[in-house]
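Once you've looked at the hints, dock chain G against the given chain E.
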Amino acid sequence: MGKNKDYYQIEKNIQGYKKEIDRLEEEEDTDKERVKKLRDSIKKEWEKIRPQLTALQFVQIARHPDRPYTLDYIEAMINDFLEFHGDRRSGDDPAIVAGFGTYRGRTAAIIGHQKGRKTRERIARNFGQPNPEGFRKALRIMKLAEKYGHPVVTFIDTPGAFPGLGAEERGQAEAIAFNLKEISKLKVPIVNIVIGEGGSGGALGIGVGDELLMLENSFYSVISPEGCAAILWKDQSAVSKAAENLRFLADDLVEFGVADKIIKEPPGGAHIDWLKTFSNVDKELEKALKKIEKMSVEERLEKRYQKYRKIGVFGENDEPK
Amino acid sequence: MGDRWSRCNNCRRILYKQDILDNLYVCPACGFHFRISAKKRLELLYDNGEYKLYDKNISSMDALGFKDSKDYSDRLKEQRKKTSLKDAVLNAEGFMGGIKVLISAMDFSFMGGSMGSVVGEKVTRAFERALDEKIPVIVVSCSGGARMQEGVLSLMQMMKTSSAIGRLDQAGIPYISVITDPTTGGTTASYAMLGDINIAEPNALIGFAGPRVIEQTIKEKLPKGFQRAEFLLEHGMLDDVVERKNLRSYLICALRVFLNLAS
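Line by line, the protein sequences are chains E and G. Using numbering that gives the first Met the number 0, read the first sequence as starting at 0 and increasing by one per residue. Using numbering that gives the first Met the number 0, read the second sequence as starting at 0 and increasing by one per residue.
These are calculated hints, taken from the structure and not from any lab test. Any given hint could be a false lead.
[Stated by the list, open to error] Distance condition first, Cα-Cα at most 25 angstroms in a straight line; then the derived PhoX-like pairs of lysine-lysine:
1. G:133 <-> E:240
2. E:233 <-> G:66
3. E:309 <-> G:133
[Stated by the list, open to error] Listing some non-contacts, in silico: residues in chain E with all C-beta distances to chain G over 12 angstroms:
4. 24
5. 30
6. 115
7. 118
8. 295
A quick note: this is a predicted structure, and the numbers were derived from the prediction, not measured. All residues carry an ideal CB built from backbone N, CA and C; glycine is no exception.
Isolated chain E (complex conformation) (with noise of 0.2 angstroms):
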């Protein structure tokens, strides 16, 4: 199958079945055994692909420009989304759309990453990666959810925060720090959902809280794999083996304690069949809600905590006097 393919190559034959199912149905009289027959064939296909991917091959799958994105949650699962701009200090980042809605019969802060569709727009949006401003805008989302008690649904998908001159200047880093000091202490409850990729510290800044939903086919790590093989290995064609070592796709993650559920993608992944991602989604983020809305203030923060102060892996030896 090829382990140094490009997964756009691999995917051919889905991405041929998935354009007949689109095509018919467009059609008025959709042949739905045809349908029912051509997306057994995609299942057919994933179930031979999936098992043998590597590590980068499901990097781009998570970063596929067909994945539904932000705002296509938004308008999926949300009624009467309102997005809310600007971080009050300064600016607003395009990069990171934040606001409220309703969600199930409830309002809702939503805040995720938006990496833009088309070329003008993914400019726009700095592609997914947020300012200083971005993290500033979704902190003061989620104070106002916690000021009417609501809970807080956050989409991730980045490829890092921006490390630019200007981010630097308005201090990036303390944008991302501060943010995790005030989510562990935000009262209301908090589901992040690692909808493609999870870059770093600029996924970080607004992907933590009380539970981690992680998509079947998306990843979550301290490095981009370019990143980590420019500086381990110094030599870009180290990429997938940097990807390999990092374990950072759902199933190592809910190794290490740190995502809690994985949520199934459709067959060939979330970009081949976005309804039935959406119905996965809205399944597991409502189950993960109503977990998190029983519990008192007091025991969420307290859970919330515990999650994190757990996470690691050391040796250690009875301390000496």
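What follows is chain G alone, placed relative to chain E:
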């Protein structure tokens, strides 16, 4: 140049080593602050250089099975041998101007002071001990950021340490962050930036992204002094830049003020 002479990294002058030592590892000619070990740092800060170490036997493990040019487990062994440290931070308790204080001091010589599970755990324990004992805590950062070889476990130490600081806030326990050259990445983006006050040594490199990464992103040379302590002071990220020779008295003074200990 022999054992007795050394060259300043900054002014390139040849100096008598003893003069640098006598000057707290600061170049007597140009004021350049040499990087110092965690052990030296604790000696310089505590009364009479006396302190007690805590959490001494926590050591890193290779949780990911990470292998670049060598196995992470072998790298750890080498680093332990080279530095006689278990990892990149020392936790200590002692007195500063008669005030009982906990200090976590990072050591750049151990894998670039990178923060993995051990650094995260030890710094968190220092915060939690401060909370239990109701005494102030200082972290002296010197770190290249999160340790890649421990992957997402390293990343999550940022949240672990920051959450512990949140508890200090609520309990009214002072936490002072001292930032030294260099401090970048996940360390800056967690406890280093979260002090009640953030203090840095002169000319310390402090940032989120490394200068090389930024240069590659914006495709131009960075302005002189960019990401240096004075630059951060100017941009509102630091409370002050304090020379090493004044650091101890500065910190004692700050602690006295915070704790309302009238002199």
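Going down the list of hints, with the structure as the test:
Of the pairs offered as hints, the one joining residue 133 (chain G) and residue 240 (chain E) is violated, with about 47 angstroms between alpha carbons and a cut-off of 25 angstroms exceeded. For the hint pairing residue 233 (chain E) with residue 66 (chain G), the CA-to-CA distance comes to about 14 angstroms; that is within 25 angstroms, so the pair holds. Restraint check for residue 309 (chain E) and residue 133 (chain G): satisfied, since their Cα atoms lie roughly 23 angstroms apart, inside the 25 angstroms limit. No Cβ of chain G approaches the Cβ of residue 24 (chain E) within 12 angstroms, the least distance being about 39 angstroms, so the stated non-interface status holds.
Look at residue 30 (chain E): its CB is around 45 angstroms from the nearest CB on chain G, clear of 12 angstroms, so calling it non-interface holds up. No beta-carbon of chain G is positioned within 12 angstroms of the beta-carbon of residue 115 (chain E); the least distance is around 18 angstroms. Residue placement check: residue 118 (chain E) keeps its beta carbon more than 12 angstroms from all beta carbons of chain G (closest about 18 angstroms). Once the 12 angstroms rule is applied to beta carbons, residue 295 (chain E) is consistent with being away from chain G; the minimum gap is 17 angstroms.
In summary, the one numbered hint that this structure violates is 1.
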